[in-house]
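Colleague: Quick mapping for you: the protein sequence lines, in order, are chains A and B.
The end of the first sequence is residue 647 by the working numbering, with every number in the run present.
The end of the second sequence is residue 1647 by the working numbering, with every number in the run present.
Hints are computed from structural coordinates only; laboratory data are not their basis.
Among the hints, erroneous ones may be present.
What the hints assert, rightly or not - Distance ranges between label pairs, derived from CB positions:
1) A:Glu258 with B:Pro1064: 46 to 54 Å
2) B:Glu1160 with A:Lys337: 21 to 29 Å
3) A:Lys338 with B:Ser1392: 57 to 65 Å
4) A:Ser604 with B:Glu1449: 42 to 50 Å
5) A:Asp464 with B:Pro1064: 35 to 43 Å
6) A:Arg545 with B:Leu1163: 51 to 59 Å
Please read all numbers here as calculations on a predicted model, not as lab measurements.
Positions of the beta carbon are idealized from the N, C-alpha and C atoms, including for glycine.
Number of protein chains: 2
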Amino acid sequence: MKDANWRVAISGVKPEIDAGRFSVKRVVGERVTVSADLVADGHEVVSGDLLWRRAGERRWHHVPLLALGNDRYEAAFTAEEPGGYEYTLRGYVDGFRTWRRDLEKRLNAGQDVGDDLLLGSEVVSRAAGRAGKAERSTLETAARRLRTPAADRLTFALSEELLALVAEWPDLEAATTYERTLRVVVDRERAAFSAWYEIFPRSTSPEPGRPGTFRDLIARLPYVAELGFDVVYLPPIHPIGRAFRKGKNNALEARPGEPGSPWAIGSAEGGHTAIDPGLGTIGDFRAVLARAKELGMEVALDLAFQCSPDHPLVREHPEWFRKRPDGSIQYAENPPKKYQDIYPLDFGTADRPGLWAALREIVVHWVREGVRIFRVDNPHTKSFAFWEWLISDVRASHPDVIFLSEAFTRPKLMYHLAKLGFTQSYTYFTWRESRIEFTDYLTELTQTEVAEFFRPNFWPNTPDILPKHLHGAGRGAFLSRLVLAATLSSSYGIYGPAFELLENVPREPGSEEYLDSEKYEVRCWDLDKRGSLRHEIALLNRIRRENPAFRRNRTLRFHGTSNEQILAFSKTDDDGRNAILVFVNLEPQYVHSCFSNLYLPALSLPWDRPFTVHDLIDDRRYTWQGPRNFVELNPSRFPAHVFRVEV
Amino acid sequence: MKDANWRVAISGVKPEIDAGRFSVKRVVGERVTVSADLVADGHEVVSGDLLWRRAGERRWHHVPLLALGNDRYEAAFTAEEPGGYEYTLRGYVDGFRTWRRDLEKRLNAGQDVGDDLLLGSEVVSRAAGRAGKAERSTLETAARRLRTPAADRLTFALSEELLALVAEWPDLEAATTYERTLRVVVDRERAAFSAWYEIFPRSTSPEPGRPGTFRDLIARLPYVAELGFDVVYLPPIHPIGRAFRKGKNNALEARPGEPGSPWAIGSAEGGHTAIDPGLGTIGDFRAVLARAKELGMEVALDLAFQCSPDHPLVREHPEWFRKRPDGSIQYAENPPKKYQDIYPLDFGTADRPGLWAALREIVVHWVREGVRIFRVDNPHTKSFAFWEWLISDVRASHPDVIFLSEAFTRPKLMYHLAKLGFTQSYTYFTWRESRIEFTDYLTELTQTEVAEFFRPNFWPNTPDILPKHLHGAGRGAFLSRLVLAATLSSSYGIYGPAFELLENVPREPGSEEYLDSEKYEVRCWDLDKRGSLRHEIALLNRIRRENPAFRRNRTLRFHGTSNEQILAFSKTDDDGRNAILVFVNLEPQYVHSCFSNLYLPALSLPWDRPFTVHDLIDDRRYTWQGPRNFVELNPSRFPAHVFRVEV
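Here chain A stands alone, though its shape is the one from the complex:
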């Protein structure tokens, strides 16, 4: 026989991830809409509130729940600052609203309500007893007025004025508070809306034969800014190991002078907090950060928590690595493959506190230097508990830090890493090709619980992945993938200049590795190469910035087309004013045409009046009406329409 929580039951709370074990994610200014089922025993009216506060605050703010019908209720709040927030719900049997509803019913049935007004007066008196000093006498007067015979007391009894007055002081003695306190992680805007450009600093030299440095990178930054990106992501910038160094095209042995893979971190020159002397000094790096900032961009670093055999940690802390039976340190393996140039860290080492603290120190080092975005290499091969601790620890003092999870692995593992705290995640976009694949995958990412904790970042290519549909492909195919990435997902990125320069040759047929990959050698790119997509990319990034519909993924909606090779989808901003409608040719080696089958309500469009679709790519306008309209996509011009809908 409990005293509280005994009349109202609260269940089916959304969002709630794994019974509150994990947080949902939002950005500053985004609404957190919470819904739940509330049922009470008896026939009385149920009322309730959404309670929310910043983590660490003691007092809850409360927002009244709105009944949606079928015992479902909803309310929302907006988080105004980055950091942690909490929310829960409470529900109670509402004596005043029950009395008011019944009074109305009795009046409609023509019954005498003398007794009811006396009962109502008691209900209001009790509210007065709970009220603050200021409102108490108003409520006492109201209670008296219900007891006093007067012509207008029925009007007063049913007035909105009295309801508002009493509703402020509900009887919460037997209220139910939801049994769990749920959490929101609130990030800055870039966590949800970002355009990434991955670039190897050593390949930014304009002179063939001379490897690039941070100074060359600085000279390259205006080009990246002109393309419209806001995150410049650099593969590891640390000294590269010499033992078992890989050669050109992943040859088992490097020839003299070959630079090795930046992911084989650590040499006599230092480890994860050092800078590869070939790139420059810490001063040069600071200059990179400063120049990027001037250009409205941020620099993202790569966190690859592994060591080359030459890494100082291997000597200083051999106990942080696993041993082979012969006592040597265990190199990385994915049997039967062996990676002798990489030593994985043993996250289960007996000196876990020492190792974990040292790794946190690396992150804190770069945060102190001003870095706020990290792309994390293969987080699924490291410890879950470590990531959860690290991310929460770093963000406690720097809630503006963003971690991108590079886990190309099984779906539930990718989602679990996002739950543990990763701000953004790589996805399977790179391999999705057909209409049904896009529809299924994007529906899962944007319309299910996944959208609460997993923020996709779409990449048409990476240094590790030249997908098969780009092998030998031309501008049409590259543009089709670019539009898909940039418009389906609020965050996307390209690995350049390989992408805009249409690099399309695999190391061998069927391989996803680039021929002459920058991972193993220095490249010199001709940015003025004929056919470069730089202008199209710049245009798309401008369209993304100018149209708020692109900033989120929740409003994504697919539309029908009469041709399987044309994907149609729309996005709007939260209030539906900015509406974007995209058609993409999925087989851009051919001209494709179709009739659309638009779901007009998603675009707030009328059925019976014409509307304008304005192609933001070529600035043409078309007058359409109804769901069925003709579309032709000729890849020799452009393989997509990116329409703004203008009513």
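Chain A is already provided as a structure; the job is to place chain B on it using the hints.
Modeller: The following block gives chain B in isolation, referenced to the frame of chain A:
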């Protein structure tokens, strides 16, 4: 930095109701199949167990989880006794299986595995250290064998024998145990599979003008048994109040001699533990129980926790009732309707312990008399917390007690009562008419989480409900509703003899009340009336008993038909050996025919060979093949086929 639970994450556990707040329901001998997502960091193999025990036991039984693919795992146990059970899961990184998988990969790649065998020997040694005395030396020998150069040691390393040996002693030091312990309520078989017959004892007299008694009821029981029912449910059998007694057809005032409604419980003769003297004595009631038992049936009583103004409790405990402003006791209301003959109990009374204990005493009283089934009147107008406490308390000492919730209210409220502990529940079946209505509703009841806690009991009629489709209806319509209730749901009931005697006249057009309802007067039924459905009912109940497919609802599957007015569905037993296929005419005033569109896999039927469907109603057999077969349902013969599929 946690020590346990840090490598394996367990989520998405099914079944799990409201994060474990409520139990799932099973009957004795039924399997509890539990599934979950398990992911680990790193590339190692994950293993795990389902842990289960009887509530109160300290030690867990464990069943190895089977991988279903996509990181989903499953295992099952069977509860052999009524009562409470608990289950949870654990997962761990499996060192031996990881080593074994990698060894196989290396061998396939033709690599040297000398070191690997040494590593494996260490893994097995560690298992020996964890093993029980009996197995320790076997494991030590196995570890030595892996270290000793010998021709067969590779075969031994990969043998099932070694795997089985080591798998018994996993390294659980860093295992993850799921954070919640979940619960199962295990009932006896009748909780899931029951056929109810509701009968007013006072209407069992064979002589018009003389009200029936328990002695008449005893004489009637063989008839009910012949019909094949196993639960005889009696409306309240207690003294009926005189104040504000309702007359024939719910007249506001009873005329002298009118018996009143059995739900207006309590008079000078006693309350909820007394017997209406008109029906007989407690001795007569015991004779009813005994005779029913002889006939293989059980008696269900009605728990209607409310009082007539004459109920002894009103005088003894006025504090258990709410007061009106004038100090009188508040009668029942559903504004603007007033029920002056009923006083509701105030479950929120200051003397809650007193009231609740008194109500429990009523249940315990009848349990002591041997009653094990209660139909609970309007539980949604009483306290949630009370029901949860009462049901759990009564079942702690008598796990064979069954409570049927008569809550015809909003869906989430009905489901919440089932979660709180009600064994079975009334449903919306009574008002479902079209194919889409049945498909949607039964899919919700049998194929979603609802099936875990809500056991439907389908009633084509009740003393309160003569549904519109039975107004003026003939045998065809009654048989159609009977077949639907008895075959769609493993538990069903009828209110008789009104049902089998085709009582079809509402009090007024459009009303769901029966004309001359037994609720307000004594009726005398002519069981031999021409057209009685007694033989059809007996046949259907026999078919239900003889075919295990009818005992559960989870295997229900709808099939297509070319005619909206024909509903087709199938059920099988758990192992699919007993397969039933039903076609019902939903508009039985007409002959309807259709082609079926069977989903053959649901019936384990081949596409390419004929099979036999054997109509258990008229004993005819048809040879069918493939999904498309012709069906005609002529209500003048019978409005349904109830086929057993015979391959």
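Colleague: A separate judgement is required for each hint: does it hold in the structure or not?
Modeller: Comparing the hints with the structure gives:
no.	hint	result
1	A:Glu258 with B:Pro1064: 46 to 54 Å	50 Å, holds
2	B:Glu1160 with A:Lys337: 21 to 29 Å	27 Å, holds
3	A:Lys338 with B:Ser1392: 57 to 65 Å	59 Å, holds
4	A:Ser604 with B:Glu1449: 42 to 50 Å	35 Å, violated
5	A:Asp464 with B:Pro1064: 35 to 43 Å	37 Å, holds
6	A:Arg545 with B:Leu1163: 51 to 59 Å	58 Å, holds
Hint 4 from the list above is the single one not met by this structure.
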